[in-house]
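Chains as they are written, first to last, in my numbering: chain B, 1 to 582; chain D, 583 to 761; chain V, 762 to 1016.
The set of hints was computed from the structure by calculation and includes no laboratory data. A quick note: this is a predicted structure, and the numbers were derived from the prediction, not measured. For each residue, glycine too, the CB sits at the ideal point set by N, CA and C. Do not rely on the hints blindly, as some may be mistaken.
[To be verified] If the Cβ cut is set under 7 Å, some of the chain V residues that face chain B in the computed set are:
#  : residue
1  : Trp791
2  : Ile810
3  : Gly844
4  : Trp871
5  : Pro943
6  : Pro953
7  : Gly954
8  : Val972
9  : Ala974
10 : Lys983
[Stated by the list, open to error] Between beta-carbon pairs, the in silico distance windows are:
#  : chain 1 : residue 1 : chain 2 : residue 2 : range
11 : V       : Ala815    : B       : Pro334    : 28 to 38 Å
12 : V       : Glu995    : B       : Trp52     : 34 to 44 Å
13 : V       : Glu995    : B       : Asp54     : 44 to 54 Å
14 : V       : Ala866    : D       : Ala605    : 34 to 44 Å
15 : D       : Leu604    : V       : Arg883    : 51 to 61 Å
16 : V       : Gly967    : B       : Glu485    : 13 to 23 Å
17 : V       : His784    : B       : Ala32     : 38 to 48 Å
18 : V       : Ala827    : B       : Gly64     : 52 to 62 Å
19 : D       : Ile719    : B       : Arg547    : 38 to 48 Å
20 : V       : Arg906    : D       : Leu604    : 54 to 64 Å
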Amino acid sequence: MSAGARAGAWRRHLWSLDHKTIGLQFLVASLAMLLVGGLLAMAVRWQLAWPWTDMPIVGRALFGGTGGVPSPEGYAALFTMHGTIMIFFVVIPLLTGAFGNYLIPLMIGARDMAFPRLNAFSFWIMAPGIACALASFAVEGGAASSGWTAYPPLSTLLGAAPGSGAGQTLWLWALFFSGLSSLSGAINYVVTIATMRAEGLSMLRLPLTVWGLFVAALLQCLALPVLTAATVLQYSDRLLGTGFFSGGGAWVNGEWIAGAGGTPLLWQHLFWFYSHPAVYVMVVPAMGMVGDILSVHARKPVFGYKPMVWAMAAITGLGVLVWGHHMFVSGMSPVAGTGFMLSTILIALPSAVKTFNWIGTVWGGRLRLNAAMLYALGFVSMFVIGGLSGIWMAATPVDVHLHDTYTVVAHFHYIVFGGTLFGVFSALHHWFPKMTGRHLGERLGKLHFFGTFVLTNAVFLPMHQAGFAGMVRRIADPYAYPSLEPLRELNAFITVAALLLFAWQSLFVANLALTLLRPRDAEANPWRAASLEWEAPSPPPHGNFDRELVVVRGPYEYGDAAGAEDWLPQARPRTSEAEASA
Amino acid sequence: MELSAERPAQVDRARVGVLVFLATEVMFFAGLYSAFVVLAPRREAELDTPLALAMTALLLASSGALHAALAARATARARSLAFGFAALLLGALFLAAMAFEWGALVAAGRHPSTDLWWACFFVLTGVHGLHVAAGAIWIACGWIAQARGGSGRALELAAPYWHFVDLVWLVLLWGLYLG
Amino acid sequence: MTRVLATALFVALLVAVPWWFAHSARSGPWLPPEASSYAAEVDGLFDAILVALALAFALVMVLLVAAIWRGAARVERARTTHGDLRLELLWTLVPAAVLAWIAVAQGPTWRAMKGDEALMARDPAARVEAAQFDWRFRHPGPDGRLDTVDDLLEVHELVVPAGEPIVLATRTRDVIHSFYVPDFRLKQDIVPGRDGRIWFEAPSPGRHDLVCAELCGFGHYKMAGSIRVLPRPEYEAHLARLATRWNANGAEERP
Ligand code: HEA
Ligand code: HEA
Ligand code: CUA
Ligand SMILES: [Cu+2]
Chain B
1 MSAGARAGAW RRHLWSLDHK TIGLQFLVAS LAMLLVGGLL AMAVRWQLAW
51 PWTDMPIVGR ALFGGTGGVP SPEGYAALFT MHGTIMIFFV VIPLLTGAFG
101 NYLIPLMIGA RDMAFPRLNA FSFWIMAPGI ACALASFAVE GGAASSGWTA
151 YPPLSTLLGA APGSGAGQTL WLWALFFSGL SSLSGAINYV VTIATMRAEG
201 LSMLRLPLTV WGLFVAALLQ CLALPVLTAA TVLQYSDRLL GTGFFSGGGA
251 WVNGEWIAGA GGTPLLWQHL FWFYSHPAVY VMVVPAMGMV GDILSVHARK
301 PVFGYKPMVW AMAAITGLGV LVWGHHMFVS GMSPVAGTGF MLSTILIALP
351 SAVKTFNWIG TVWGGRLRLN AAMLYALGFV SMFVIGGLSG IWMAATPVDV
401 HLHDTYTVVA HFHYIVFGGT LFGVFSALHH WFPKMTGRHL GERLGKLHFF
451 GTFVLTNAVF LPMHQAGFAG MVRRIADPYA YPSLEPLREL NAFITVAALL
501 LFAWQSLFVA NLALTLLRPR DAEANPWRAA SLEWEAPSPP PHGNFDRELV
551 VVRGPYEYGD AAGAEDWLPQ ARPRTSEAEA SA
Chain D
583 MELSAERPAQ VDRARVGVLV FLATEVMFFA GLYSAFVVLA PRREAELDTP
633 LALAMTALLL ASSGALHAAL AARATARARS LAFGFAALLL GALFLAAMAF
683 EWGALVAAGR HPSTDLWWAC FFVLTGVHGL HVAAGAIWIA CGWIAQARGG
733 SGRALELAAP YWHFVDLVWL VLLWGLYLG
Chain V
762 MTRVLATALF VALLVAVPWW FAHSARSGPW LPPEASSYAA EVDGLFDAIL
812 VALALAFALV MVLLVAAIWR GAARVERART THGDLRLELL WTLVPAAVLA
862 WIAVAQGPTW RAMKGDEALM ARDPAARVEA AQFDWRFRHP GPDGRLDTVD
912 DLLEVHELVV PAGEPIVLAT RTRDVIHSFY VPDFRLKQDI VPGRDGRIWF
962 EAPSPGRHDL VCAELCGFGH YKMAGSIRVL PRPEYEAHLA RLATRWNANG
1012 AEERP
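I would like the entire structure built from these sequences, with the hints used as guidance.
Below you can see the structure in the form of structure tokens.
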């Protein structure tokens, strides 16, 4: 085809309103940001193992002035932006943006999202957010350096930290844009799932993937606006000097800066009111996808579908009641502490239910141990480790010691990396044939899994002990404390493992590249899976389905009781137009 | 939403969307307002309550006008357009009154940085004002579309939002001016 | 092939995690020495929960490994089942019981750490003044009251008597800091605009790291201090020495 025509095709792709294209756009953007966040993590690790030494690549890029040696505030910017990017521009857009967009309409038998324009908006509004995040490294004072939690007054007193100048302002804008993106997406998902399901597809016939995304969207609608409100307040503190979060005032560089007398704890409450639910937004969709994948490749129905759904609902409900567990030592009243301890302990229950139902699903199944399945099983084991360590921290007296130590860092990396990203890798292997018409390479995929599995544990398991021993987070040089000197080897070990882990991801990148170069090899339903998305061609055309579907059963009819071929499709083509009215 | 319901009955999706959006707006203002509740700053009575009541009247009247405009949409187009325009006008008047109030306050040396109470006042009324402005633009677009012979669909969608903005204002009136 | 590798991998995890915990419990890194009256209680809770978590982990992993090993070799179809109410109840109620126990068990320790009114109402032995990036301590002078001209100031090191409950008042001069003494299992944020109270009792003399646990700026990593616990007499001797060495007119200056 002519250059002009090709350019035209590209433009059509770029500005497409099709949920599948937008989903892929989210996928590419967040994978690219994953690379950035990963590089920042490597820089963090380098500093922790070999403080104040010439840091290759990232160090050279960011601290060229000092020959690749980071400054203490430079280090703070590293982990602040690492956390911010990973959460707001990698994991959340990956789950809700990429998979949410791609899968929801296909899995509910719809032709597109309820509001395609709003959908495109939710992707493109993320661009300025990413721009702000990346640009902040270049501004005077450097990127935001008060942690991804941006606690005032450190984040609002311009003199208190270099990054609290222009960097923090850009950080607030980055969060604002990512918030708009998430919100417009969430509204779209809620309406789409609530109103556009195919004929016969009741809520209790929805695949768990859709339930997970639905629950996550609800959580975002409920909680995210509160974070937006908090950023508005912090912004006005910085811009108009309102001092909602300033305590009495502060001595900065020898001069007294009066504060209007607001309280820093208010920010913490508002921030965690969203950012705890956010952690469930970061896992519940992955839980849903893994549930489906386990079932398909174990050739066995999801065990306890209804308990699974109720568990997700419970996680949503309780999710907005536990935020205080991040504030046990903040000076919050001990009674409130006890309350939040109880709700936090309680929210472990639905997760327990889900865990055992995953096992129930694979138990006695006829397992296909392909890459997708391996990653799904990996997800379960990693999530359990991360989740269990959460119980320690839910116990207030223990958390007093563990708070802001590496035990917490270990806890959430097990879930967000070992859990969520494993879930994402699993989902990619599972749905790549649908998305592109091509199977991701199995051999490379498995190799990638085995290495990533081993290295993930090598990186994050030892962090627990570092935390027990009292190694606090967010310190540029642990060995400023003589008592942490014994951890030198441990930290060096973790760092080497982390560098290998990063390098190992090249197998994944290679797999993507090689696969996309290969000709299409996937039929419509390569896994013999029952849910609706497999009724569409691979990849689905604009409008998704080439025939009208009527859903006649649940999404998990596998096993000996299910038909001649050990599975029954969830839907059948509509035979007569007469049915349409019925 | 009935869990075991079969395929949902035909619903007005855009309307559902607007309602979900309003739910998020409720949480947004709840977040902002919580600052006012938690910090509970002391109020020095220096507000022009009569003006505030007048502004309330403007906003409520505007909502009423929009309602009338929608009611008359099918039957009496001219009336509908007239009411729609009235709604827009009243909204604009509210903004003008607000600008006047702010001007007077700033002239009297009241700033967001004066103390916590004024911080809450300016941020809350300011954000609400932005919402009124956005709503006014929404209605303006809807009105033009209708005037061009459209069905006034955009106005119909704007209505719940416009009433919601009133509601927020009533809370502010009660909390900031009368409270 | 994959069957063997995968099973081996998950078995490896099942073994490696407990092994590493046991190993580090023996030869570190592990919880620091217990140097406060409630440290042992906290560690007891920690250990008890560790046991519960270990059992839960082992249970899950054993089931997972078994399912993989058998499932990967299975040729006949899986039995179609959509769940089992009795099992659901089992694995809801058992964890619920464990969790309920954890919730109850921690109560007394939590109360002990927070101290009762009577205790917290005592006159503080000193006030901690956190600032970017050092720790300052203000002892009441001979007049026994804080914030008077004869207050005794020290920087970086807080000296306290052994074997008696110590109440400290806390205050920050700028941003949030966190008063963390790992050996005491004591951590408390110090928030601008709020004067706080903390307490501990160090049974025996010794020196302990004081760490700032809340990100407070570029110097956060080196905001180190220490707590020196002395027998009563030596403690009083120390204060006396302080009092003679300098009077506190230069209040904010360092010694
Ligand atoms: C996707 C992310 C994710 C998820 C799912 C969770 C899940 C949980 N988290 Fe985590 N958490 C984070 C991400 C996440 N967290 C992050 C990012 C932080 C740090 C933020 C920061 O400060 O930067 C954090 C911090 C954090 C804290 C604050 C620590 C501190 O700073 O002092 C606490 C305290 O209670 C906590 C608790 C929990 C609990 C109880 C769960 C539970 O939901 C886990 C439930 C799961 C299980 C329990 C395992 C499965 C169950 C069984 C196998 C049954 C048997 C178990 C028993 C009977 C116990 N988390
Ligand atoms: C949510 C997701 C997430 C993820 C995935 C990670 C991943 C990693 N993080 Fe994470 N981290 C956080 C969220 C996350 N982190 C948060 C919220 C904080 C707290 C910040 C704060 O305190 O404010 C934190 C803090 C934090 C610290 C503590 C810093 C400190 O307190 O001083 C450390 C230290 O080791 C660390 C290390 C790592 C490592 C080694 C990885 C590794 O897993 C990274 C491995 C590498 C990759 C995953 C990238 C590979 C690239 C690809 C696969 C891309 C392919 C690209 C294309 C196809 C284009 N992180
Ligand atoms: Cu002071 Cu960290
Ligand atoms: Cu949390």
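Tested hints:
{"no.": "1", "hint": "Trp791", "result": "holds, 5 Å"}
{"no.": "2", "hint": "Ile810", "result": "holds, 6 Å"}
{"no.": "3", "hint": "Gly844", "result": "holds, 4 Å"}
{"no.": "4", "hint": "Trp871", "result": "holds, 5 Å"}
{"no.": "5", "hint": "Pro943", "result": "holds, 3 Å"}
{"no.": "6", "hint": "Pro953", "result": "holds, 3 Å"}
{"no.": "7", "hint": "Gly954", "result": "holds, 3 Å"}
{"no.": "8", "hint": "Val972", "result": "holds, 6 Å"}
{"no.": "9", "hint": "Ala974", "result": "holds, 5 Å"}
{"no.": "10", "hint": "Lys983", "result": "holds, 4 Å"}
{"no.": "11", "hint": "Ala815(V) to Pro334(B): 28 to 38 Å", "result": "holds, 29 Å"}
{"no.": "12", "hint": "Glu995(V) to Trp52(B): 34 to 44 Å", "result": "holds, 39 Å"}
{"no.": "13", "hint": "Glu995(V) to Asp54(B): 44 to 54 Å", "result": "holds, 48 Å"}
{"no.": "14", "hint": "Ala866(V) to Ala605(D): 34 to 44 Å", "result": "holds, 40 Å"}
{"no.": "15", "hint": "Leu604(D) to Arg883(V): 51 to 61 Å", "result": "holds, 53 Å"}
{"no.": "16", "hint": "Gly967(V) to Glu485(B): 13 to 23 Å", "result": "holds, 19 Å"}
{"no.": "17", "hint": "His784(V) to Ala32(B): 38 to 48 Å", "result": "holds, 40 Å"}
{"no.": "18", "hint": "Ala827(V) to Gly64(B): 52 to 62 Å", "result": "holds, 54 Å"}
{"no.": "19", "hint": "Ile719(D) to Arg547(B): 38 to 48 Å", "result": "holds, 43 Å"}
{"no.": "20", "hint": "Arg906(V) to Leu604(D): 54 to 64 Å", "result": "holds, 57 Å"}
When held up to the earlier numbered hints, the structure conflicts with none and fits them all.
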